[in-house]
Amino acid sequence: MSGDLQFDSNKRLRHLLSIDGLDQKTILEILDTAETFISVGERQIRKVPLLRGKTVVNLFFEASTRTRTTFEIAAKRLSADVINFNIGASSTNKGETLLDTINNLEAMHTDLFIVRHIDAGAAYLVAKHAPSHVRIINAGDGRHAHPTQALLDAYTMRQYGKDFKKIKVAIVGDIMHSRVARSLIHILNILGVPDVRVIAPKTLLPVAIERLGAHPYFDMYEGLEGVDVIVMLRIQRERMQGALIPSEQEYFNLYGLTEEKLVVAQDDAIVMHPGPMNRGLEIDSSVADSDRATILPQVSNGIAVRMAVMALIMGGNQKNKGAEN
Amino acid sequence: MSGDLQFDSNKRLRHLLSIDGLDQKTILEILDTAETFISVGERQIRKVPLLRGKTVVNLFFEASTRTRTTFEIAAKRLSADVINFNIGASSTNKGETLLDTINNLEAMHTDLFIVRHIDAGAAYLVAKHAPSHVRIINAGDGRHAHPTQALLDAYTMRQYGKDFKKIKVAIVGDIMHSRVARSLIHILNILGVPDVRVIAPKTLLPVAIERLGAHPYFDMYEGLEGVDVIVMLRIQRERMQGALIPSEQEYFNLYGLTEEKLVVAQDDAIVMHPGPMNRGLEIDSSVADSDRATILPQVSNGIAVRMAVMALIMGGNQKNKGAEN
Amino acid sequence: MSGDLQFDSNKRLRHLLSIDGLDQKTILEILDTAETFISVGERQIRKVPLLRGKTVVNLFFEASTRTRTTFEIAAKRLSADVINFNIGASSTNKGETLLDTINNLEAMHTDLFIVRHIDAGAAYLVAKHAPSHVRIINAGDGRHAHPTQALLDAYTMRQYGKDFKKIKVAIVGDIMHSRVARSLIHILNILGVPDVRVIAPKTLLPVAIERLGAHPYFDMYEGLEGVDVIVMLRIQRERMQGALIPSEQEYFNLYGLTEEKLVVAQDDAIVMHPGPMNRGLEIDSSVADSDRATILPQVSNGIAVRMAVMALIMGGNQKNKGAEN
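Chain order of the listed sequences is A, B and C. Under the numbering used here, the residues of the first sequence are numbered 117 to 441, in order. Under the numbering used here, the residues of the second sequence are numbered 117 to 441, in order. Under the numbering used here, the residues of the third sequence are numbered 117 to 441, in order.
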């Protein structure tokens, strides 16, 4: 649905709202561009002037210091000015509508909005009403999408030598409430991964999961059998209070990733997690701290992937910029 | 009262504390300077190096993410470093006096303070004790003044072709509690506007409003008759709880700006609002979203006007700077 | 204990965790470097490009807007990018461990962490697990240490012509709970100050204070006799509620610094305070505002000292940087 909005008339990426609607070519272009930024992170001087004079607004309606920080670092490495707009303290709770808030910020001649919102579709709504010079990146909207997370996960798989056309990937945990899972299933399908699995208790699995492009498993040993990549999701402890999860101990016994369960996967299988981890709940510390875990490389890759997305969607403006310097 | 403090011995603007005390020449110099910065906002690279190496401190004792953001963007476009000093989390609630807090920040060799405070006179107090190298801009103090808002409103009127010497302006709403209204009445009088009106229920009108330089009206149709500019003020919903306003519905019926009431104004009358708007309370959405509304241009102009004020009051330092480069 | 961690194999300063473990040469190198940065604060353009392209993370687990601001200003004057990571709003309260949070931030290719924590040893813990390219500065950990405060205090004494080898210094107030006192006693001993005194009621004095290197006094007139430097500590009003301090009035009568008590000190004795002050509790306003008080110079010096520490511990990287430009 957001596919049309995401591209301009020349089929260039304009906003990043969801993985759904992207094609393989665009995704690979982002991953390849990210690769060129990995070296920037390792250089002595980490800045490139691509977004100099541009204003990036971190528009977070849902608090997430960590995700905000990744976008802030990525934008600053591209030499942009960054404004952190904490919406809790602002005028939306003074009765102003979301669109009025956005229109106001756009009127300040800002260029790029990183939008995080508790409601699915918020970033889409913002993009739909944005003037032509403004770009939007969805940094997570409700249970809907978290496209930069899916991109950095795909980047990490490729970095660890996994060939999308051949691998088996298992996503484990609270699939139902997870925008990370939704975006990841999309990207793996677009990239041609032949076997995408989700492993969860029935209470945490959406009904039409097959139609989304993933095979459901209810047992870890069955689901992890022969996989090349395991993506552990964060369990919200709040779910324990409801009837969705029996108890922390029982959840860990059944679905927590331990070295014992890991044995059934491929010998070179990698273990991913979007963070922050609940050690001893969805993942055992011995696994989280092992060589198989790619959790910290995911974070590093996240900066490069976000730089790549920002650089690509601001690319149209870049060209004009050349003339002015 | 703050007039003396606002100028240095060479009659150059030194602090911006209130519109009261400024002369027409100074105001027009600010508006003309702002005009040169409008193009900066539309350029590909939005930075000018006027305040490079300077430190601007947003000293907000009263939370206002939106106003802080406008000053932060303006300062960054001038290449200043910006420090957001959230006073709620700081040492004034550790028993330190306001002046000790300010003295401390000044001792860090900061250059410009943007001060917002719930008490009238706070920015004046800070300016009175500031060392000679420090500049102060009042970003709103209690019910007293909000000079940059008045300046951007005047800028917007001129931009829309209104001739200050000829126009009728109506300010509508909670005049009593509004620093925006106070500063706006002052600037319109200084600029020679022949007919300044305020429209409000009696409970929201200060007694000596005539002496301030505005004619009171209690009826919208009478007050809007033939005006060229309408400035709608934000209604604080808290006033509803008290006896000051009967009910939202009744307030909207009597004082909310609708297309029906707008008919009595000039055909090319513009509708202004400082934001954030309460749609359906002080203004109808059909008016707010019409061609007549200048609400978003006001926001854009606000960046340029704040850049102009910063550049002008830091001007003395600018000269010296040339020598050093 | 943190001594080994603080230096690299070439005996260069690597982290600043506590004064304990530093030698006189290193401390004097920091003070001398700070002196070169004092002029930067007084220049028209206050930036030097030493940390350009570096990312400094203010990692404050304990709120302190003022201290954070001093580090933020210092880092920006060195041209670093600064990320303020407010840990209250972040994932540690989502159950993530401190080390996971740090590891994540480090994976973002950040360079320098300014760590403030309510627990003694937190900065040490972070440094112990940091990868080789990351540097740590302790900005206060529990009652343990506040090394940059001690350095700026030493800097200020020297600036006011005090010869470390000859002076008498009295530290007055809540020695027991003060990391400032601990770090200051250390630095004065390392610098060879022959007479370091602490003055406090017995309830606010640690038992083994002599072993720490300070002589205890319980009476102000005895303790201040002939001293060259008086360092007043901030009294936490919370202590009043407990049995530690009788009442504000009684505390002020016995231990508050007044002009009357000051008479017994040297004629050119200076009065220091780390801020924020409780006027009328630990210090009389007439003393705080007198020529003897060096409270605001301490703040200015704090910026220069923090710039010096950052520049020195990042120095190893600086060398490589030259090649790249």
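Please note: incorrect hints may appear among the correct ones.
If several chains are the same, the list does not tell them apart, and a pair holds so long as it fits within one copy or across any two.
[Unchecked claim] Straight line, CA to CA, 20 Å or less: simulated SDA-like cross-link-like pairs of lysine to any residue: (1) K127 <-> F280; (2) K281 <-> E376; (3) K244 <-> L121; (4) K244 <-> L412; (5) K244 <-> D405; (6) K163 <-> H249; (7) K163 <-> V250.
Calculated directly from the structure, the hints in this document are not laboratory data. Note that the structure is a prediction, hence the values are computed from the model and not measured.
These are the hints, each one checked on the structure:
In this assembly of identical chains, the alpha carbons of K127 and F280 never lie at most 20 Å apart, being 24 Å within a copy and 48 Å across copies at closest. Taking the shortest Cα distances, K281 and E376 never come within 20 Å of each other, neither inside one copy (28 Å) nor across copies (65 Å). Proximity of K244 and L121 under a CA criterion of 20 Å is satisfied intra-copy only: 7 Å inside one chain copy versus 48 Å between copies. Taking the shortest alpha-carbon separations for K244 and L412, only the inter-copy value of 18 Å comes in at or below 20 Å, while the best intra-copy value is 35 Å.
For the identical chains of this complex, K244 and D405 are inter-copy neighbours only, at 17 Å across copies versus 43 Å inside a copy, given an alpha-carbon limit of 20 Å. Within a single copy, K163 and H249 get their C-alpha atoms only as close as 24 Å, which misses the 20 Å cut-off; across copies the closest is 17 Å, which meets it. For the identical chains of this complex, K163 and V250 are inter-copy neighbours only, at 18 Å across copies versus 23 Å inside a copy, given an alpha-carbon limit of 20 Å.
In summary, the numbered hints that this structure violates are 1, 2.
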